[in-house]
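Visitor: Spelled out from the first residue to the last, the chains are:
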Amino acid sequence: QKEVEQDPGPLSVPEGAIVSLNCTYSNSAFQYFMWYRQYSRKGPELLMYTYSSGNKEDGRFTAQVDKSSKYISLFIRDSQPSDSATYLCAMLLSNSGYALNFGKGTSLLVTP
Amino acid sequence: EAGVTQFPSHSVIEKGQTVTLRCDPISGHDNLYWYRRVMGKEIKFLLHFVKESKQDESGMPNNRFLAERTGGTYSTLKVQPAELEDSGVYFCASSQTGTGMNIQYFGAGTRLSVL
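Protein sequence lines, in the order shown, are assigned to chains A and Z. The opening residue of the first sequence carries number 48 in my numbering; numbering runs sequentially from there. The opening residue of the second sequence carries number 13 in my numbering; numbering runs sequentially from there.
No wet-lab data here; the hints were simulated from the structure. Among the clues, some could well be false.
Stated by the list, open to error - Cross-link-like lysine-lysine pairs, in silico, DSSO-like; alpha carbons within 30 angstroms at most:
(1) Lys-114/A - Lys-56/Z
(2) Lys-90/Z - Lys-117/A
(3) Lys-63/Z - Lys-114/A
(4) Lys-63/Z - Lys-89/A
(5) Lys-90/Z - Lys-63/Z
(6) Lys-103/A - Lys-56/Z
(7) Lys-103/A - Lys-27/Z
(8) Lys-103/A - Lys-90/Z
(9) Lys-56/Z - Lys-117/A
(10) Lys-117/A - Lys-63/Z
(11) Lys-90/Z - Lys-53/Z
(12) Lys-27/Z - Lys-114/A
(13) Lys-53/Z - Lys-49/A
(14) Lys-117/A - Lys-27/Z
(15) Lys-49/A - Lys-117/A
(16) Lys-56/Z - Lys-49/A
(17) Lys-66/Z - Lys-103/A
(18) Lys-56/Z - Lys-27/Z
(19) Lys-53/Z - Lys-114/A
What the hints assert, rightly or not - A few chain Z residues facing chain A, derived, Cβ under 7 angstroms:
(20) Phe-19
(21) Glu-54
(22) Ile-55
(23) His-60
(24) Tyr-86
(25) Val-101
(26) Phe-103
(27) Gly-119
(28) Ala-120
(29) Gly-121
To be verified - Pair by pair, the computed Cβ-Cβ distance ranges are:
(30) Asp-113/A - Asn-75/Z: 36 to 44 angstroms
(31) Gln-108/Z - Pro-55/A: 16 to 24 angstroms
(32) Glu-97/Z - Asn-74/A: 45 to 53 angstroms
(33) Ser-70/Z - Tyr-98/A: 40 to 48 angstroms
(34) Ser-100/A - Lys-27/Z: 43 to 51 angstroms
Think of the CB as a built atom: it goes at the ideal place given N, C-alpha and C, for glycine as much as any other residue.
Only chain A is shown next, with the shape it has when bound in the complex:
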């Protein structure tokens, strides 16, 4: 069983839609949960991170972590064509840890 599972998509939505991206994981020791965005031919760029369970909001983006279910989500409100990218979830065992454990990434296309 992979440590981090993420549906690769692709996911296509119309502009303005609410997007829900999800990952599940198997290692209950993960404490830090991150979402990276990657545009084509670019490196991953950190969008948001959350420590332990709970929600975190930043503009149109909301990250949720449910440690009891080993499930994390990223919601994008009022999606824009510029949000079209691959979204990768990643996890760390601790803040002193350094080896990010990535999901495969979900390809998102927001159509005008």
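With chain A fixed as given, assemble chain Z onto it according to the hints.
Guide: Frame of chain A, contents of chain Z only:
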């Protein structure tokens, strides 16, 4: 401020040849990481430097891979001899040492094709 820079952006070599990838981290970042993404798979950790020392190289696939970070600045990743399964995108990342969140900043990657 310059981000993480990787060179070359793309390399095509034949099986059995040697290739060296280079990474220049963000200035002042002590931590440098190498990751790899093989087609269809997730990005996987290869190794971690703190300054010039290898902190963890548990993700290195085999002894055909050699990473160095002379002087604690830029790093190189050499593959010798290259095999077909080494094809993929090699990412470098760097981060500062501090009390805050360990945010890793990634380069654009080197796309390696072994024919």
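Visitor: Mind listing which of the numbered hints don't hold for this structure, in increasing order?
Guide: 2, 3, 7, 8, 10, 12, 14, 17, 20, 24, 25, 31, 32 and 33
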